[in-house]
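Asker: Chains as they are written, first to last, in the numbering used here: chain A, 1 to 309; chain B, 1001 to 1265.
Derived by calculation from the structure, the hints in this document are not laboratory data. Be a bit skeptical, because a hint or two may be false.
Said to hold, decoys possible - Looking from chain A toward chain B, a few residues come up when the C-beta cut is under 7 angstroms (computed):
1. P145
2. I155
3. F157
4. G247
5. V265
6. Y298
Where is the CB? At the ideal position from N, CA and C, for every residue including glycine.
Single-letter residue listing:
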Amino acid sequence: MFELRTLGSRLAGAAAVALGVSFMVFLLLHCVPGDPVDVMLGEYAAAADRLALRARLGLDLPLAEQWWHFLRGVLHGDLGVSLVSSTPVAQLLLEHFRYTALLAGAALLLAVLAGLPLGALAALHSGRAWDAAASVVAVLGMSMPSFVLGPLLIIIFAVQLRWLPVGGAEHAAGLVLPAVTLASGLAAVLARMTRAAMLEALALPHVQAARARGLAEWQVVVGHVCRNAALPVVTVLALQLGALLGGAVVTETVFNWPGLGQLLVESIARRDYPVVQGAVLLIALTYIALNTVVDFLYPRLDPRIALSA
Amino acid sequence: MKLGLRLAAVIVGGWLLVAIASSLWPPAAVTVSLPDILAPPGTDALLGRDDLGRSVLARLAAGARISLAVAAVVVTVTAVLGTALGLVAGFCGGVADSLLLRLTDVFLAFPGILLAIALAGVLGPGIGNVMIALSVVGWVGFARLARAQTLSVKQRDHVHVAHALGVTPLRIVLRHVLPLIAGPLIVEASFACAAVIVAEAGLSFLGLGVQPPTPSWGNMIRDGARYVLVAPHLVIAPGVALASLVVAINLLGDGLRDRLAPQRR
């Protein structure tokens, strides 16, 4: 009963944020300087075409009514039609979404596989060479934007060594470089957080008790340290999912990866604003959904949280 | 660690000097020299020349000026605006507070620089629009931090005493709350500087920011990426410049945090 009520309030909160997000995305079209119709059609468009587009976008209606139309469309999965290709925006988004999901999923996996062991090693050998090396890697990973790291990786692995393709999604190998690029920042943050959480957990009294009982060091680490260190690490992971989705926009452009980010950047260049709105909305809503799911996973991980919720 | 901090200070100071110096010889960054197209680094041009034969070194220096200027403007605007909103919300509580929380929730629901990309894209390219887009997105962090800090400070005894003595709320906020929360905000500002520099370069890389022929590290990487096969120095030079400045600012921010806000580790 109690859990159902918290579930309801969390969902209501997420819905409120989603409503606010859709309003901001709706307002984007009205941030276009001057008349959006002129910007989209160019100076020499016929008056009839202008009127037709104005009516199709609903720009002739009062603002509140436009917002209502937009929202009703979103709820029906109708995000309008691309001004360039005349394809429904929803269909375009669907085609590109799976590429972004694949890239983000691969990057997430890589970041966890690299970041957690790196941070754990640094914590277990704190103050020694492993620790110093891990912190240098972490600072570099956090400070190196994807549009710097990406081209550098292309120069090394695609141009000099010729091991991997420069970009594109035609071959499975094309996923490697963009995934590594996107993963680097998250891996660095994870390593740092894992190190801090493990050091904190190692200092807890029950760890000392376990050692006093004569448990092997690996038993102490696996059974008594890791579970306590898991919660802050998972929290950071959840917070960083957004950075992953946002970073995908730039990374996809670097590697010519046909995901939502590339669609967004190309649509901005073509002034195809319905597609711009749709892509931004879909990425933001995906992020909200992921965060809401993570919120529900916390109590499973740490029963102490359910009590205070 | 002390050595790292000193090195970071030298790097940031160096880039500041380079940025100032570059404004003394502005034409060098846009002087075209067609016989020297894509020349590799050498004695003629220390870091080589780009696809129009312009000196990469001169363009790097001019780009540093753009990066640091954008960061200074955006961080000043967002820090002042965000702190003011956070102070008001935290101090007054009630409707103002929950309104601000809802609003920041909505802004934070746009992952990374997505909102800045969309806004800069819709506003159209240009350095002014980059500053607007990054300011619209950047105030949120300051507002959240100032609000949280204000909430804890306003329960302290000296604030209650000031209330009892009849000090006006505005004076309490400015004289008795703001000085106590300034430390964490200054730390936040240093990290925000690094974030804005990366974001500006990112927008310019996507073609949404600073437009050619004005050099920016982001649009230098964008243009250089087309010649990666024949002239990798066009990407490596601005890439290393950007990474060095961002690493150095983040290290300085870490140092500041240890000194000003040790509880926020």
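Asker: Next item in the hint list is V265 of chain A. Is there a CB on chain B closer than 7 angstroms to its CB?
Answerer: holds, 5 angstroms
Asker: Against chain B, with CB atoms and a cut of 7 angstroms, does the hint on I155 of chain A hold up?
Answerer: Since chain B brings a Cβ to about 5 angstroms from I155 of chain A, closer than 7 angstroms, the hint holds.
Asker: Can Y298 of chain A be said to touch chain B, with a Cβ gap under 7 angstroms?
Answerer: violated, 18 angstroms
Asker: G247 of chain A was flagged as interface toward chain B. Is the shortest Cβ-Cβ separation under 7 angstroms?
Answerer: At about 6 angstroms, which falls below the 7 angstroms cut-off, the nearest Cβ of chain B leaves the hint on G247 of chain A intact, so it holds.
Asker: Please verify that hint: P145 of chain A, Cβ, nearest Cβ of chain B, below 7 angstroms or not.
Answerer: Where the cut-off is 7 angstroms and the nearest Cβ of chain B is about 5 angstroms from P145 of chain A, the hint holds.
Asker: Would you settle whether the hint for F157 of chain A is holds or violated, based on the nearest Cβ-Cβ distance to chain B being less than 7 angstroms?
Answerer: violated, 12 angstroms
Of the hints listed earlier, those the structure fails to meet are numbers 3 and 6, in rising order.
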